[in-house]
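Produce the entire structure from the sequences given, and follow the hints as far as they go.
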Amino acid sequence: MRTLSRVKILVSSSLCLAIVTSGQGQPNTRGKTPYDYVNPLIGTTNGGHVFPGATLPFGMAKAGADTYGGENQGGFSSDSSPIYGYSHMHDSGTGGSASLGNFPIFAQSGCPNDDINACNYTKTYRMTPRVNESIVARPGYFDITLQSGVRTEMTVTNHTALYRFTFPETPITANTTLNPHFLVELTDLPNTRSSANITVYPENGRITGGGRFSPSFGSGTYQSYFCLDFDGAKVKDAGVWSNSRASNQAQSLKIQPGDVRDTPSTTPAGGWVQFEKPAAGNQILARVGMSFVSEAQACSNAEKEVATVDFDGTVKSAADAWKDKFSVITLKDGGVSDVLLKAFWSGVYRSMISPQDYTGENPFWNDGEPYYDSYYCIWDSFRSIHPLLTILDPHSQTLMIRSLLSIYKHEGWLPDCRMSLCKGFTQGGSNADIVLVDAYLKNITLGIDWALAYEALIKDAEVEPSDWNIEGRGGLASWKELGYIPTDNLDLDGVGLETRSISRTVEYAYNDFTIATLARALGHLDDAAKYLERSGNWENMFNPAQKSVINGTDTGFVGFLQPRFMNGTFGVQDPIYCSPLLNFTACYLNAEGGETYEGPVWLYTFFVPGDMASLVDTLGGTETFIKRLDWLHESGILYVGDEQAFLNLFLYHYVGRPGKSAERAHQYIPSLFNDTVSGIPGNDDSGAMGSFEALVMMGLYPNAGQDVYFITPPFFEEVSIKNQQTGNTATIRNVNFDPQFKDIYIQSATLNGEPYSRNWITHSFYLEGGVLELTLGPQESQWGTGPEDVPPSLGPSGNLTTRGDVDARW
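What the sequence shown shows, in mature numbering (1 follows the signal peptide of the UniProt record, and there is no 0), is residues -25 to -1, 1 to 785, in sequence order.
By construction, these hints were calculated from the structure, which means they are not laboratory data.
Everything numeric in this text was worked out from a predicted model, so none of it was measured.
Glycine included, every Cβ here is placed at the ideal spot set by N, Cα and C.
Any given hint might turn out to be false.
Unchecked claim - Derived PhoX-like pairs (lysine-lysine); straight-line CA-CA distance at most 25 angstroms:
| id | residue 1 | residue 2 |
| --- | --- | --- |
| 1 | 298 | 717 |
| 2 | 602 | 717 |
| 3 | 252 | 209 |
| 4 | 291 | 7 |
| 5 | 505 | 434 |
| 6 | 384 | 434 |
| 7 | 211 | 98 |
Claimed, not checked - Per label pair, the in silico range of CB-to-CB distance:
| id | residue 1 | residue 2 | range |
| --- | --- | --- | --- |
| 8 | 602 | 424 | 45 to 55 angstroms |
| 9 | 438 | 231 | 53 to 63 angstroms |
| 10 | 566 | 87 | 44 to 54 angstroms |
Next comes the structure, spelled out in structure tokens:
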């Protein structure tokens, strides 16, 4: 999912250093641990929308600085926009509007002439430029100083944000007494508040409240609550504020739209507390508990998690939590540049920011199952986030699968996108199907009801919801009867955006492929045959006569997916439309969108993950397929900042050219994925870009929904992964490793000392452990090129069978 950010190409480099070993939290010869290489600021500008503040792995509380204007989808942006507050929950990398950022707090050294109404209250007046060189970001910690001289450090526990404010000895503003003034505003980042309440307790400075808000990429509303406490100074005065005026005569305020006695919902409002001069170090700590259930639970969360205010101890605990996550990976980096080490570890880090663990914070049901939120969106995350978590953190992935099934039980549908307890928008197929089947194939089983999972998948495939904008699939009658989604579809069963007919068709086809896989595994052979047959529906939108002509020049390639009407005739969508070459932003999720989603026909014509052998034949055979794939990567048409581009780096494996897949990996890393603040090519989508670069650099990239990993050389001399489930360690080792990456082609391979010629491997490697050793050289070799060496595919020329012979398929 992307916003209107432009394609960006950035190259970063640095000198290569000596071979070192890193991992397990031990310093390498450069004196750094994996934790030290993480830069949370990567992706905080130029469309990345990354949240760089303090968070635990998959934590609900996410404390960060919020900018006024600019790209504040994740709260903060590395630009010149001023800061208007610090809020306690965020999403990261969203492609939609800004998200969460509820109840921001803001500190001022004092009020001029000690007049509370001389302090600034509204966002536009209180916003203050930051001192850019003051910013420090580490996993679990963020530090920023504003030009007012007020320094704010922040860290978190699971549901609680903890801030340490340090005030200047002499306030910058003239005639200002050093009586620190704090306010909290009843708002959020996208300004969606519809109702709210707040109470201030003058005896101790506690402020509690709640409000109703809207999600950033979904429907409905959600209720959020907070509980704010202070430590470090004596309360001097307290009250509430509305618009730009404050009062100490009232300690509560309620906003209820439609009630003329109350403040209109669009009016800025909140509470404030003023303190005597801090006793020690001019510091005051603020603890903010958050909850989706109640104010009381917000206070309880804070009191349990931060019972004694120990800021430095909380920072250490957060850092330890991240170091534990990183400890499953051990690198022998082989002397590569710090650019690559920072990009890799930061990618791993961002892949564990979301989905977020809201267990115990779901006000609608509590069935004893985990509840995760911010699946943002599964259309993005099924390709790389969940496969990476399956490798690095199968326990968390198991909890997420159970959460998806809990949502299905109580909401009636698997989500394709979900945030803030609300249903998010579907972007194509029912892609939770892929996540579940991928998990089943890779031994994610503990506590999972696979009969229930199968029921959920069959419902996606067979039952059309009344509103398929937010769940399930639309156009199922045509899908079953015609074998494709018509561009002029007549849908009498549900409503939704009647766009994206091409991309929805290919996505439905792959969804059905994965359902067929699970059906076979569970013994439902009739279902397996039916859905395997439907998985070939992509062919029904292929027009063999369609050409691609650019500015009057024929590219020489014929045959593309095209719009098709209910009467069977084809329409036309220029194969380069919705690419960087033509109307890049024309295919978004809106009523005017094209027949592909966030990408051109050129891209979607390659999306047949379950039957690449048939696609190769359809596109003219091996040599023509390679030329088409080369053109995709070399013409400027491919925007790798959108997730559906990811798999295209590795499709060469299916035609016996794994070396060209390695070339493509180095084409995009580090030119587009690096250690700069704009070091990802698109919005991160809750870690999709980070997980993609981590997987590519680890050397085994997954075809999500199948037990297939494409083998390419890691970007390091050696990568080892310790499996949480089995305790076994899988190592991918490069022989003749070259940190300048002149030798990126596999000449031969061994698995546990035995010759290994296949250019792919299964998840059993991670479960059972072992050593995959790759001998490298400067040119492509014969390794992995034979028909028996390529990944599994259906017929007619694949190394499996045709759809009609299901028993032989698995």
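> Against the structure shown, which of the earlier numbered hints fail to hold, in ascending order?
Replying inline: As far as the earlier hints go, 1 and 9 are violated by this structure, in ascending order.
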